[in-house]
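Turn these sequences into a full structure, and let the hints guide you.
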Amino acid sequence: MKRTSKAQKRKKRNIVILFIIGFATGSISTNLVQYFFQEEVTHIYIIYSSEKASWMTSAYSDFLEYWNRKHPDEKIIVHMHPYGSSDSMISILNGEITPTIWSPASSIWMPLLNEKWKDYSKQKDDIVDIDEAVKIIFSPIVIATWEEFNKTHKIQGFSDLHDLNEEENVEVKMAHTDPRLSNSGFMSTVMALSAGSGVDTKDIEMDDLTDGDNQKWLRKFESSAIMYGKSTGFLAKYMQDGGPEKLNVAFLYENLIKDISSESEGGKVIAIYPEEGTMYSDHPFCILDADWITNKQRQVAEEFLNFLEKKRTVEDAIQYGFRPIDTSIKLDEDVFNYKDNGISYNLTVRELETPEEGEVLSRIPDIWLLCKATAYD
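Those letters in the sequence shown? Residues 14 to 390, per the numbering used here, in order.
Don't read these hints as lab results, they were simulated from the structure.
Hints are supplied without guarantee of correctness; some may be wrong.
What the hints assert, rightly or not - Computed cross-link-like contacts, DSS-like style, restricted to lysine-lysine with a CA-CA straight-line distance of at most 30 Å: (1) Lys164 / Lys233; (2) Lys324 / Lys309; (3) Lys243 / Lys233; (4) Lys343 / Lys148; (5) Lys88 / Lys324; (6) Lys135 / Lys309; (7) Lys259 / Lys164; (8) Lys343 / Lys324; (9) Lys164 / Lys250; (10) Lys88 / Lys309; (11) Lys309 / Lys233; (12) Lys148 / Lys83; (13) Lys148 / Lys137; (14) Lys259 / Lys243; (15) Lys233 / Lys250.
The structure is reproduced here in structure tokens:
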């Protein structure tokens, strides 16, 4: 006769306890079923940049319906959290978050995370496979301003804003996010440096960052800043709620103009597409190559990304003001409509590329710290 193991004894004891509790509360069957038939649940964790929160929330609901139809016997829980792009990178590095899928606002952050990951973890392998990143939508950086304000000042780009700051009788109240924490602020700083130096964004070198004249130009450009936020989505909401008296110029994503243009009580917010050109946020989705991710989590994550690539899901993103990378999917003229939403159907300015030097990328926040408006953080 086999001896009863300690584990078996514990299980029998737990059954008795559950029976007693169940008898007292009238829930015997529920407790016992939960005990004996605990379902295996796969959790995946998605960290994404905040400006695509509306679309991600919609995609989340649609994906769960899709999953439950296709895999009725496989239970999953999807945890989704918005983060600033740089903030999320830092949180991954210090172990604060362990995402299955990471979706910063731009591809610019993928090589940065890989570089810093190797330094922090002392591992040789990249945590992001850049070639495997899934790119579905994009949104250009634009200058957000009030239509009435622009009728007077006719802003067309970064140089115009710099020149407005030199006019004593014009009160510019400008904002962008902190480039140490957020992609839009990072990209805006790169574009400002390009405009001030006359050097194309991809060709910016360390000498351009340390040049005294370039720093002087950037300091004047930043002098009208009234705030530097952590989140581009929050900045758009602040502009919408505060009106032109609080903020009359901000650097936002095009899709956020669609969100606030017709809903702002202070008038109509419009997108200015900088004449110098603009950088695109292409929102890569990356399944991380990390030891905290199981094979099952990876399978669910892959199916989630496949779902995001479906035409219907991409068309849903268009309704939130994002442009599809797949050009065979047409834009909605009711969405990309200057009259109603302050954004243009056609992009007529050139796309600017990321600086090619890795050291330049890592030093962008430093040059901003030297030149930012000192009264505000």
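Here is what the structure says about each hint:
1. Lys164 / Lys233: Holds: Lys164 and Lys233 sit about 23 Å apart, inside 30 Å.
2. Lys324 / Lys309: holds, 25 Å
3. Lys243 / Lys233: holds, 22 Å
4. Lys343 / Lys148: holds, 17 Å
5. Lys88 / Lys324: It holds: about 25 Å lies between the C-alpha atoms, which stays within 30 Å.
6. Lys135 / Lys309: Holds. Lys135 to Lys309 sits at ~26 Å (cutoff 30 Å).
7. Lys259 / Lys164: holds, 18 Å
8. Lys343 / Lys324: holds, 10 Å
9. Lys164 / Lys250: With a Cα-Cα distance of about 23 Å, the restraint between Lys164 and Lys250 holds, given a limit of 30 Å.
10. Lys88 / Lys309: holds, 11 Å
11. Lys309 / Lys233: It is violated: about 53 Å lies between the C-alpha atoms, which goes past 30 Å.
12. Lys148 / Lys83: holds, 24 Å
13. Lys148 / Lys137: Distance of about 26 Å is within 30 Å: holds.
14. Lys259 / Lys243: This hinted pair holds, its Cα atoms lying about 18 Å apart.
15. Lys233 / Lys250: Holds, at about 26 Å.
When held up to the earlier numbered hints, the structure conflicts with hint 11 and nothing else.
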